[in-house]
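S.K.: Please arrange chain G on chain A, whose structure you already have, making use of the hints.
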Amino acid sequence: MDNTFLQTFKIQGGNIYNAGKASTEIKAILKQLGINAKIVRRVAIASYEAEMNVVMYAKQATLKFEVSPSQISITVEDEGPGIPDVGLAMQEGYSTATPEMREMGFGAGMGLPNIKKNSDYLKIESILGKGTKVTITLNVN
Amino acid sequence: MMLLSSISEILQCELFSGKEQFNLPIEFGCASDLMSDVLAFSQSGALLLTGLVNIQTIQTAHIAEINAVIFVRGKKPDSKMIALATEKKIPLLGTRFSMYEACGILYKTGLVPTMECLKCEGDNG
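Chains as they are written, first to last, in the numbering used here: chain A, 1 to 141; chain G, 1001 to 1125.
Chain A with its partners taken away, still in its complex shape (with noise of 0.2 angstroms):
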């Protein structure tokens, strides 16, 4: 692959029945591109966990899926209450969920600490009361 490939997809929060959607595609884009299928799964989790963060916590967000010969990166970029304390976020079993996204399966504090493991590279931004953006890179060889 020479060129750089680019997505970028709308996610809604609240609708946690719809979440999962971009990282399903994401998925199958990768495996067109005939990506190793273990970093096809790692970016998979790591995009479906921020899916499932902005699904539950913010209002929207845009999701950007680039693909370039050397690396893979999804940035998520949302309109949402921000995190107050990043390093306690990242903190496996520290949550803040309802009642609701425990029940769908959710929430129990693994998704930050979720993504980092299945990245080479994370980065969170979060700015309060506006939102967070979070940057996940992955090398592809």
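Hints are not guaranteed to be accurate.
What the hints assert, rightly or not - DEER-style ranges, computed between Cβ atoms: (1) K1076/G / N18/A: 19 to 25 angstroms; (2) K64/A / K1080/G: 25 to 31 angstroms; (3) Q1012/G / Q91/A: 37 to 43 angstroms; (4) S1044/G / N141/A: 15 to 21 angstroms; (5) P84/A / Q1012/G: 45 to 51 angstroms; (6) V140/A / E1027/G: 25 to 31 angstroms; (7) Q32/A / Q1012/G: 38 to 44 angstroms; (8) L1015/G / N3/A: 40 to 46 angstroms; (9) M1001/G / P84/A: 44 to 50 angstroms; (10) G1045/G / S70/A: 27 to 33 angstroms; (11) T4/A / Q1012/G: 48 to 54 angstroms; (12) T1109/G / E92/A: 30 to 36 angstroms; (13) P1025/G / Q91/A: 36 to 42 angstroms; (14) Q1012/G / T62/A: 45 to 51 angstroms.
Because the hints were derived from the structure by calculation, they are not lab data. Backbone N, C-alpha and C define an ideal beta-carbon position, used for all residues, glycine too.
M.R.: For chain G alone, kept in the frame of chain A given last:
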């Protein structure tokens, strides 16, 4: 390794979808109601036993590359879940056994676990 059909027989399962994949080889088993744990600790190709019956169970199974899902305690998926699982080619089954019983039976039969958190921590991925 076990065939899904053998697992289905042992757990006296009802098949909801995926008849075409009934002879799928299953290498590992995992069990959880927490989808984030499935995403964090399962392996590609695993069988998932769960008591969580909603659309995110199927989405998670697809993202985490779970080969088949068995719902425990007689729980049944709805038509939307069955449609998505059929589209993603993920067989859905149900057993009347509890999570504890179903896991115990499969473990005793020799199905290898995937969710060994302490072991896989640090080298998973």
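S.K.: With reference to the structure, classify each hint as holding or not holding.
M.R.: How the hints compare with the structure:
1. In this structure the supplied range 19 to 25 angstroms holds for K1076/G paired with N18/A, their Cβ-Cβ distance being about 22 angstroms.
2. The hint said 25 to 31 angstroms for the Cβ distance between K64/A and K1080/G, and at roughly 29 angstroms that hint holds.
3. Between Q1012/G and Q91/A the CB atoms are about 42 angstroms apart, so this pair conforms to the stated range of 37 to 43 angstroms.
4. Distance hint for S1044/G and N141/A: a CB-CB separation of about 20 angstroms, consistent with the stated range 15 to 21 angstroms.
5. Hint check: P84/A to Q1012/G, Cβ distance near 49 angstroms, so the stated range 45 to 51 angstroms holds.
6. The hinted window of 25 to 31 angstroms between V140/A and E1027/G holds, with their beta carbons roughly 27 angstroms apart.
7. Hint check: Q32/A to Q1012/G, Cβ distance near 40 angstroms, so the stated range 38 to 44 angstroms holds.
8. As the Cβ distance of L1015/G to N3/A is approximately 44 angstroms, the hint placing it in 40 to 46 angstroms holds.
9. Restraint check, M1001/G to P84/A: a C-beta distance of roughly 48 angstroms satisfies the suggested window 44 to 50 angstroms.
10. Remark: the range hint 27 to 33 angstroms for G1045/G to S70/A is upheld by a beta-carbon distance near 28 angstroms.
11. For the pair T4/A and Q1012/G, the beta carbons lie near 52 angstroms from each other, so the given range of 48 to 54 angstroms is met.
12. Look at T1109/G against E92/A: about 32 angstroms separates their beta carbons, and that is inside 30 to 36 angstroms.
13. In this structure the hint that P1025/G and Q91/A lie 36 to 42 angstroms apart at CB holds, the actual value being about 38 angstroms.
14. Under the hint 45 to 51 angstroms, the C-beta atoms of Q1012/G and T62/A, about 48 angstroms apart, fit the expected range.
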